[in-house]
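Based on the provided sequences and hints, a complete structural model is requested.
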Amino acid sequence: MSEATFDVMVGNKAAATAVKLARVEVMSAFPVTPQTTITQYLSEMVANGEIKGEFVNAEGELSTQVIVQSASRAGARTFVCTSGPGQLYMHHPMHGTSSSRLPVVMATVHRGNKSMQPDHTDLMSQTWTGWIQLYCENNQEVLDTTLMAYKLGEDKRVRLPVAIGYDGYVLSYTAEPVEVPSQKSVDDWLPPYEYESILPKDYDPATGGRGFGRGGRDPQQGWITHHEALLNALPVIKEINEDYGKVFGRKYGNGLTETYMTEDAEAVMVAMGSMAGTARAAIDNLQANGKPVGLIKLKAYQPFAVEDFQEYGKKFNAIGMIDRNVCLGHGGAGYRLIRNTLYDMDDRPKVLQFHAGLAGKEVRVGDLERVGEKILKAARGEKVSQVEWV
Amino acid sequence: MDELTITPGSACQGCGAALAARLAFKALGPNTIRHGIPCCPDSSTMTPRGGGGVFEGGGAALTGTWRALKAKGITDVNVVGFFGDGGTYDIGLQGISAAAERNENVWIITKDNEAYMNTGNQRSSSTPLYAMTSTTPVGSEIKGKQTGKKNIPMIFAAHHVPFVATASVGYPEDLIAKIEYGKTLHGFKMLIIQSPCPVGWRYDPAKTIEVARSAVQTGIWPLYEITDGEKFKLTYKPRELKPVTEYYKPQARFRHVTDEQLAGIQEDTTKNWEKLLKSDELGQLLV
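Residue numbers (the numbering used here), protein chains in the order written: chain A, 1 to 390; chain B, 391 to 677.
Worth flagging that the hints you see were computed from the coordinates, not collected in a lab. A portion of the hints provided could be inaccurate.
Unchecked claim - Quick look at which bits of chain A chain B covers, simulated, 3 or more residues with Cβ under 8 Å:
no., segment
1, 25-38
2, 67-74
3, 85-96
Every residue, glycine too, gets a C-beta built ideally from N, C-alpha and C.
If you want it as structure tokens, here you go:
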């Protein structure tokens with residue numbers, strides 16, 4: 001990839017740069033901290049003619065989602081972005097975007113609901129809308145994942161909207177070196193989007209149908225089809241990640257999860273988003289001190305890599321999930337999925353729950369070393385507490 | 391002009407809104423994308439629609455469709471929202487106001503039946519003073535709605551958009567002429583069509599046209615158009631207004647209204663009409 005260039009940029013600029021490279025035709029956003037500067041970068045790119053699309057500065061997040069939904073239905077490649085409260089305000093039409101199977105791409109720059117600082121509650125709260133959710137560790141991954149999201153969402157085997165989550169401030173406003181692929185290489189890899197309904201004609205309002213559940217049809221069919229589409233996306237995410245790696249020289253594990261220093265590990269911690277970066281440093285220190293703890297980075301939260309985790313369940317004696325979220329009264333989102341995934345195994349590993357970094361609480365390398373030590377104890381048969389707030 | 395609305399939809403007998411849809415889409419022609427929001431607008435017109443939609447998202451849905459077409463270089467399609475008074479006056483107002491301010495090249499066509507009729511006649515901000523609805527009932531202490539109707543055409547005129555007009559299903563030629571004129575304009579266009587609802591307003595379904603005409607002839611629902619937020623024209627000017635009682639008496643939603651209250655309504659209606667007449671003479675909207 002000799003034509004690629006390097007730049008030092010904040011996460012929000014990495015997202016905007018990917019939108020430009022993807023030749024997005026309709027964008028809409030309402031400024032909300034810490035997503036705000038994406039709207040400014042996009043406005044500048046449109047004003048300077050670098051992006052030939054329409055950028056609608058709408059009056060609120062709900063409208064931004066409706067705008068990209070109807071633009072996508074009309075055949076345009078679209079982008080929307082938000083954070084925290086804006087994400088919550090946008091919830092209602094997000095259901096329509098996904099159930100209409102429209103490949104909108106959205107960047108969610110995480111901001112907590114109980115603070116300005118990042119946690120994953122904003123995007124986790126959208127789980128039941130049935131979007132694909134991919135979480136990013138660094139700014140390079142933000143740019144690469146945004147490009148992959150268009151390829152993924154527009155794939156006829158998938159046709160779903162894709163949300164890309166990355167932590168506010170930690171990535172949105174922190175500059176890192178980012179390799180930017182050339183426009184030509186992106187054009188060659190990502191063909192223009194063309195709307196083609198993948199729903200049966202009778203079901204698809206866009207082709208004159210009256211929607212699921214009309215005319216005596218099974219009213220649950222809309223849910224079944226949508227659920228299956230998410231499950232069917234699992235191998236396609238892997239395939240696109242491999243392909244991106246071949247063309248652009250970077251890939252992220254198998255696209256769903258990534259392992260770090262797990263070869264001789266007895267125990268693993270699971271981290272998402274920018275915390276995976278902190279975890280890498282903690283793993284380095286732990287292993288340097290003879291403590292065989294590895295890392296699993298969870299990139300695809302929805303759909304969930306059931307097969308991957310069943311493999312991890314065979315290999316490791318304990319898995320500790322670090323959730324930057326809590327489903328109040330239930331527990332962490334990742335923890336519950338992992339426990340559920342391992343239930344059918346005869347010989348299950350221990351699964352521990354850690355809540356960390358909610359409301360932007362600082363998580364240091366030392367904190368995650370301690371987390372790793374605790375998971376290792378559990379792996380070696382010591383009795384430890386099940387749930388911990390770091 | 392071809393019929394584009396497939397009849398019958400699932401509208402009630404004597405539905406003013408079904409007629410509004412039929413006339414409007416006939417005038418718009420086949421090169422039209424309709425965004426409907428659920429409930430009465432959908433049951434009263436079976437014209438092909440753009441799909442999706444949430445009550446609060448009418449203005450945004452039209453914006454997205456128009457911008458996508460624009461990005462693709464398609465500029466000769468009418469992008470039309472056929473909404474109710476709920477989707478226009480209330481839950482959808484914010485997004486439609488924003489689309490007006492951005493001067494999106496879209497149509498808002500509202501069949502105004504003055505309450506949330508599909509859910510069973512609950513009041514909206516378009517419900518007129520004293521009207522009985524299922525959420526402004528006639529009780530022993532409070533009788534009907536205690537506040538007046540929101541003046542949505544004037545609110546949108548204040549956005550200085552290319553075209554805002556009122557129409558009535560009782561005056562189809564006027565309605566069609568306004569759509570044909572609006573079609574020649576680029577930018578935001580709004581047409582509020584008063585569409586009597588026999589179920590909610592409680593009159594004989596055979597009388598929809600009579601009730602609609604009486605609203606116009608008494609000055610309760612004047613027909614006018616406003617271009618660029620300032621040029622004003624009354625499109626129906628009777629020599630003399632009929633008394634408002636002619637409009638109020640046949641509708642059981644107003645049965646409890648006292649003579650004293652009617653006198654007040656008459657006074658307000660006359661005052662408003664005189665103001666509109668002055669604007670019409672000047673050709674300039676006086677506010």
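Verification of the supplied hints:
1. 25-38: holds (count 3)
2. 67-74: holds (count 8)
3. 85-96: Our answer is that it holds, as 3 residues pass the Cβ test (under 8 Å) against chain B, meeting three.
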